[in-house]
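K.L.:
Given chain A, work out where chain B should sit, using these hints.
If you read the protein sequences in the order shown, they are chains A and B. Sequence positions in the first sequence follow the numbering used here and run 131 to 441. Sequence positions in the second sequence follow the numbering used here and run 2 to 317.
Hint data in this document are derived by calculation from the structure and do not stem from the laboratory. It is possible that part of the hints are untrue.
Pairs of lysine-lysine residues, derived as PhoX-like cross-links and limited to a Cα-Cα distance of at most 25 Å, are as follows [what the hints assert, rightly or not]:
hint	chain 1	residue 1	chain 2	residue 2
1	B	Lys125	A	Lys173
2	B	Lys229	B	Lys213
3	A	Lys175	B	Lys125
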Amino acid sequence: MSQPENQLQPNVQPNVPVSPEPMAPLPQKPDTLTRIAVDKFMKNKLAVAGLILLVFIIFAAIFAPVLTPYEPSSQQLLKKLTPPNGEHWLGVDTLGRDMYTRMLYGARVSLLVGFASVAASIFIGTIVGAVAGYYGGKIDAFLMRVVDVFLAFPSLFLLITLVTIFDPGIDKLIMAFALFGWTATARLVRGEFLSLRSREFVLAAKTMGVKSSKIIFSHILPNAMGPIIVTATLNVGIVILAESALSYLGLGIQPPTPSWGNMLQDAQSLTIMYEAPWYPIFPGLMILVTVLAFNFVGDGLRDAFDPKMKS
Amino acid sequence: MLSYIIRRIIMAIPLLIGISILSFGIIHLAPGDPTALMMDPNIKPEDMEAYKEKYGLNDPPHIQYLKWVGNMIQGDFGQSLIRQGTDVSFLITERLPNTLFLMLVSTFLALIISIPFGILSARKPYTLTDYSVTFTSFLGLATPNFWFGLVLIMFLSVQLGWFPTGGIATLNEPFSLWDRIHHLILPALVLATADMAALTRYTRTSMLEVLKQDYIRTARAKGFKERKVVYKHGLRNGLIPVITIFGLLLPSFFAGTVIVEKIFNWPGIGLLFIDAAFQRDYPVIMAITVIAAVLTVIGNLIADILYAVFDPRIEY
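So that you can see chain A by itself, here it is in the shape it has in the complex (with noise of 0.2 Å):
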């Protein structure tokens, strides 16, 4: 990784008096705190090798169609349970369909919820934080009440119950994520919100007669941006294995719609622990890779944001 070095110490040079004289283009753009986490991010190497890997696996998912010749729900019965091999890459499942060709699909599911409930839920969480930190006082008590109760159920729990009320679909999947996902992101923009309500723009801000929901989301939002993107990438992993999990279970994305949880299905048969073993490594695996890339890319983007570590 060739990145140009940080420009962070000014060039020291001690017997050379400041000369008045117009100074020099600048060799290069200035500094700016993007550029500076940019930097950061691409010297970490486990940071830059999940970001590559969740452009591919994204990339995979787009031209699913492309990458495969056999369509996801198309049978060959006889052929089901073939191992991997030159055609049929992964094996054939249960039902005949090329596991290859699920996985590129099941991508897309994945994905899908993913990015979806961790958008709905950054949104109603930045809010929520936003004007319990802005506000302070008994609105911020009674909504950070609400949060405490939220977080106090284990989710799963939450979620197989509104499932079991709602039958399970995408679309209220992604909602049943969103409602109990927007919590964590509620408190820790309500922390940033806090501390820099206090800050002296936002004092000159107010001083100037500007309206508090410019101040909030013009003013103060963009100061929080770099922790909300920290937890929004954090957050699309720990989804897709809870997306995984009860598509497992038969309580998430119903057959014959693939996705990686649901693949593994029919993987705790005997027969298949017998005679497949290969078959449920896959889609395991991949839900694995995902979710590490996610926590990788997170884990890099949190130090790069970060102004006490060193790059």
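P.N.:
Leaving out everything else, chain B in the frame of chain A:
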């Protein structure tokens, strides 16, 4: 100290009220009313009315809520819709010990494995040892526990025959301790994985912080053996934050039991919950959700109090 404990307990009360309101709200989202599920559709309207009156279904929602909470406090969670006539509280008390036993063993397993590795990592930060421990815990956090369980069953139980494929004990055999342990090893290990990973990372961070302190340098300067410095002087303080983390991990721990019990066919409340979910047995689903939430609140309460006991710097 006592006043802190009392204040902390009082603070938990609004939380419990909130939990009960949210649960009550969720269960009222369910389509139809209980009569539709339980009754013969050809029932006469006046019988239906009498039934509704008897079970308080005609009461306004707030009265229903108060009755429900009142019954719950007395340990009455109503009756199962599927196994008619069976009290939910009976189903739960029958299964709860199995779950608590599994949780206890896997907590113990998580602690005895993760703390030594966390310390090892912190003693040699940024070395190969540290990187391997950190990477392994990253793997542990990203592994889907149901898949890990499946793979273990497939290789160790089915292919190699080293462990039973599930259950809590061999059927139709007299009780034997070894048989119980034999059945317990895999589920406890799978349940412990995610927490092991998290605890290792927290122990590492906390110990790194502690080992930088002046009193550790003083202890070293006095010529104490490194082992004594780390384990006697360092560990005592290093473990304090781990207590809090443990409280925070409780909800995910409960969630873990649902999946582990399902995979290993472990007759605890997690399996009861999944079975109830498939049968739409709402009283059972709700009771277990509320109990898990209340146990989480109690767990956090205990963690907070222990934190104050172990760390005299905390003001209360």
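K.L.:
For each hint, tell me whether it holds in the structure or not.
P.N.:
Cross-check of the supplied hints:
1. Lys125(B) <-> Lys173(A): Holds - the C-alpha atoms of lysine 173(A) and lysine 125(B) are around 22 Å apart, at most 25 Å.
2. Lys229(B) <-> Lys213(B): Distance of about 16 Å is within 25 Å: holds.
3. Lys175(A) <-> Lys125(B): 21 Å, holds
Consistency with the previously given hints is maintained throughout, with no hint failing.
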